[in-house]
Amino acid sequence: MARLLQVFGFLSVLFRGATLTFQSLAVGGIVFLIFIVRRSQEDSAQLQQACLRWIRRSALALAVMQISYVLANSLILRESAEMPLRQVLGANFVLAGLIGIVAAFTVIALTVPTRSTGYPGLLLPAAAIIASSVMTSHSVARLDYRAPLVAFTALHQAAAATWLGGLPYLLIAIRRAPAPDAARQLSARFSQLALVSVAVLASAGLLLSFAYVGSIQAVYGTSYGAMVATKVLLFGLLLFLGALNFQLVRRGPASSILASLKRFGEAEIGIGITVILTAASLTSLPPAADLAHDRVSAREIFARMSPRSPRFASPAVQELPEDIYAAQKKAFEVGSLSTESYVPGQTGTRLNTPAEKAWSEYNHHWAGIIVLSMGLLALLAQAGRFSWARNWPLAFFGLSAFLFLRSDPETWPLGPVGFWATLADPEILLHRFFALLVIALAVFEWRVQTGRVASGRARLVFPALIAVSGALLLTHSHSLGNLKEELLAELSHIPLAILAVTAGWSRWLELRLPSENQTRNVMARLWPLCIALIGVVLLNYREM
Amino acid sequence: MQPGRRNHCALILLAVAAAFFIVAPAAAHAVLLESSPSLKSAISGPDVPIKLRFNVRIDALRSRLTLIHPDGSAQVLEISKQTPADTLSAEATGLTAGAYRLRWQVLASDGHITRGEIPFTVTPS
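As they're listed, the protein sequences go chains D and R.
Start counting the first sequence at 1; every next residue gets the next number (our numbering).
Start counting the second sequence at 1001; every next residue gets the next number (our numbering).
It should be emphasised that the hints constitute simulated quantities derived from the structure, not laboratory data.
There could be a bad hint or two in this list.
As the list claims (entries may be wrong) - Reference excerpt, derived from the structure (chain D facing chain R, CB under 10 Å, subset only): (1) 81; (2) 93; (3) 136; (4) 137; (5) 139; (6) 145; (7) 146; (8) 290; (9) 484.
Stated by the list, open to error - Covered by chain D, per the in silico footprint, the following chain R stretches (three or more residues, Cβ under 8 Å): (10) 1061-1070; (11) 1086-1099; (12) 1106-1113.
To be verified - BS3-like mimics (lysine-lysine), calculated; alpha carbons at most 30 Å apart, straight line: (13) D:262 with D:357; (14) R:1040 with R:1081; (15) R:1051 with R:1040; (16) D:357 with R:1040; (17) D:484 with R:1040; (18) D:484 with R:1051; (19) R:1051 with R:1081.
From the three backbone atoms N, C-alpha and C, an ideal C-beta is built for every residue, glycine too.
Please work from the sequences and hints to get the whole structure.
Structure below.
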C-alpha cells in the first residue's frame, strides 16, 4: 500500500493519458469505419476487418486502463480514508469507470469477426465511452455553467477522437487499399471529416479556455494556462502537417503521394498522442481561473528568462545540504507550505538553497553547451562539408559522464555516500541508469550517422526517444498551487519539450519520407536546428 | 544481433526512457481556497467551527476531516451535510489550549483525491 501511495500521482496521469489515447483510438476507429470505409465504393471487406481488429484491440486496452484506474483510485480512497468498500463503490469515478468498461466490452463483443450486424450499433458504446471520460473531467466538478461545460467537453473529446483517433486507421486504409485511387479517395474523404472535427475541436476548446483560463495573464501566469498554450502550439504543428498533406494530395508527385501520406500520418499520430498526453496533464491541474493569487507576472518571467552569461563556476559539494531528502522532510514538517494541496503519497516541496540553485544552473549550462555543440555539428554534418562532424552523437558520452558525476552530488564519487549504498536508492539508481541510457543512445545514433546502420528500425530509435522524452516532459511535475518557483522552472521546460517533439518528428520524417519529397530536405535542417535551440534554452536556464 | 531482437531492444530502451522522464507528476485539482481556522492562526476555544472551501464540487460523503491534538491523538470530525457543494463544515468541541493540525482529504466530483493540512493554535477562552 505504501508503495502504491508513492507512485499514485504517477499512476493517475499514466492511466489518464493511456485512457484518453485508447478512447480516441476506439472511438476514432468506429467513426472511420462507419463514415469513411463503409461509404467507400470499393470492395472493402479486408479493410473493414483490419479496422475492426484495431478497434477491438483499442477497446480492450481501454477496458484494462479503466479497470486499473478504478482499482487503484478505489484502493487509495479506501485505505487513505479508512472507508468501507460499499461507500467507495458509490463514488462518481467508480460509476464513470464502470460505464467505460461496459462500453469497451460492448465494442469488443460487437466487433468479433463472426458477427455480421451493421456497424452503426457501435456508435452507442462509442458515445458511452466519451460520456464516461467526461464524467471524470473538470466540467462535472465546476460550480458554475456545469451543463454547457459538460457539453463542450464532450464535443471537444469526440472531435479529438474522430480526428486524431482516426489517423491510424487512415494509415491502415492507405496500406490496404486495393488501388492508389481508392487510397486517394479514402484520404480525401477523411480530410473532409478531419476539417469538420478540427473546427468543432477548436471552437469547443476556445470556449472551454474562456471558462478555465479566463484571461491572458492566466495563460503565462499559471501552470494550467501555460499547458493550454502548449496544447495550442502542438495543435498548430498538427495543422501545419495537415496542410502539407492537403497540398500533397492535390499537387504532389503521383509516384510518392501514398508513401508520403503514410509518413506524415506517422508524425501526426505521434504529435497527436503528445497532445493527448498534454490534455491528460491538464486534467490533473486546477483550472487557471481558480488560482487568482500568486500568479507569475510578465515582469517576473522577463527577469528570469532574459539572457545572461552562463554559470561556469560551481558551488562546492560542501555548500549543499548533506541529505536533501531529510531537508525536504524537515521543511514539510515545519508546515511552511501546508496550504498546498497534495495527492496522497506526495510530500511537501522545499525551496532550494542558493547553493543548490547554483549547482543546478551550472549543470544545465554545461549540458546546454554539450547539446548546442551536438546540434551545430549535426547541422554541419547535414550540410555535407565536414564528414568528421557526423560523429556528433559521441558528445552524448560527455553528457552521460556529466550526469553520472553531478546529478546526485551527495553520492560517490563526489559525496560521502558510497557507490554500493546508492544502488539501494531507486531515485539515484534511476539517474545512474539514465547515464547508461544516454551512452546507448550515443552508440545507436553514432552507428546511424556513420553509415553502420543504413536501414531498419534501429535508425528510428533516436528520433523516437527524443520525441517521447519531449512528450513526457510535458506531463511531468506540476504544482497544484501557484508556487512561483516551480512555475518559472516549468515555463523553461515547455520550450524544451516543444523543441524535442519537433526535433524527434522532423528527424523521423527525414528518415521515412521518400527521397523525391522536397519536404524531406527541410526536415533534415530542422531537427539539428531544434537540438541546437534546446542547447540555447538550457544555457539560459535559471533558478534565481 | 538479429534485426527482430534489435527492434525489441529499441522498444525496451524507449520504455525505460519513458519511465525516466515521468518524474513525480502531481495529479489532482481540488485546491483549498479558504479555511476557517486559517493557516497558522490562533483561535479561542473550546469550541471551534471548521469550514473549508474548495475550487470544485466535493463529494462530502467520501471526504475526511481529521483533527490532530497537541498530544498526537487523532479525532475524525463529523462532516455536516448541510453545506454548499464546494464546502466542508464541521465542529470541533472541547478543545484545550495548544497546537492542533487539521488534516483534510477530499474526493472531488471528478474523482481526484487531494489532501492537505492546516496547523492552528487554540488559545484559552
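Hints, verified against the model:
1. 81: With Cβ-Cβ at 5 Å, under 10 Å, it holds.
2. 93: Where the cut-off is 10 Å and the nearest Cβ of chain R is about 3 Å from residue 93 of chain D, the hint holds.
3. 136: This interface hint holds because 5 Å falls under the 10 Å limit.
4. 137: holds (6 Å)
5. 139: holds (8 Å)
6. 145: violated (13 Å)
7. 146: holds (8 Å)
8. 290: Constraint on residue 290 of chain D satisfied, holds at 4 Å.
9. 484: violated (16 Å)
10. 1061-1070: Our answer is that it holds, as 4 residues pass the Cβ test (under 8 Å) against chain D, meeting three.
11. 1086-1099: It is violated: at least three residues are needed, and the segment 1086-1099 of chain R offers just 1 whose Cβ sits closer than 8 Å to chain D.
12. 1106-1113: holds (count 7)
13. D:262 with D:357: Roughly 46 Å separates the two Cα atoms, so the pair is violated.
14. R:1040 with R:1081: Distance ~27 Å between residue 1040 of chain R and residue 1081 of chain R Cα, so the pair holds.
15. R:1051 with R:1040: Given pair residue 1051 of chain R, residue 1040 of chain R holds - Cα atoms ~15 Å apart, limit 30 Å.
16. D:357 with R:1040: At roughly 29 Å apart (the allowed maximum being 30 Å), residue 1040 of chain R and residue 357 of chain D satisfy the hint.
17. D:484 with R:1040: Measuring from Cα to Cα gives roughly 21 Å; hence the hint holds.
18. D:484 with R:1051: Holds, at about 27 Å.
19. R:1051 with R:1081: Given that 30 Å is the threshold and the Cα spacing comes to 12 Å, the pair holds.
Checked against the numbered hints listed earlier, the structure breaks hints 6, 9, 11, 13; every other hint is satisfied.
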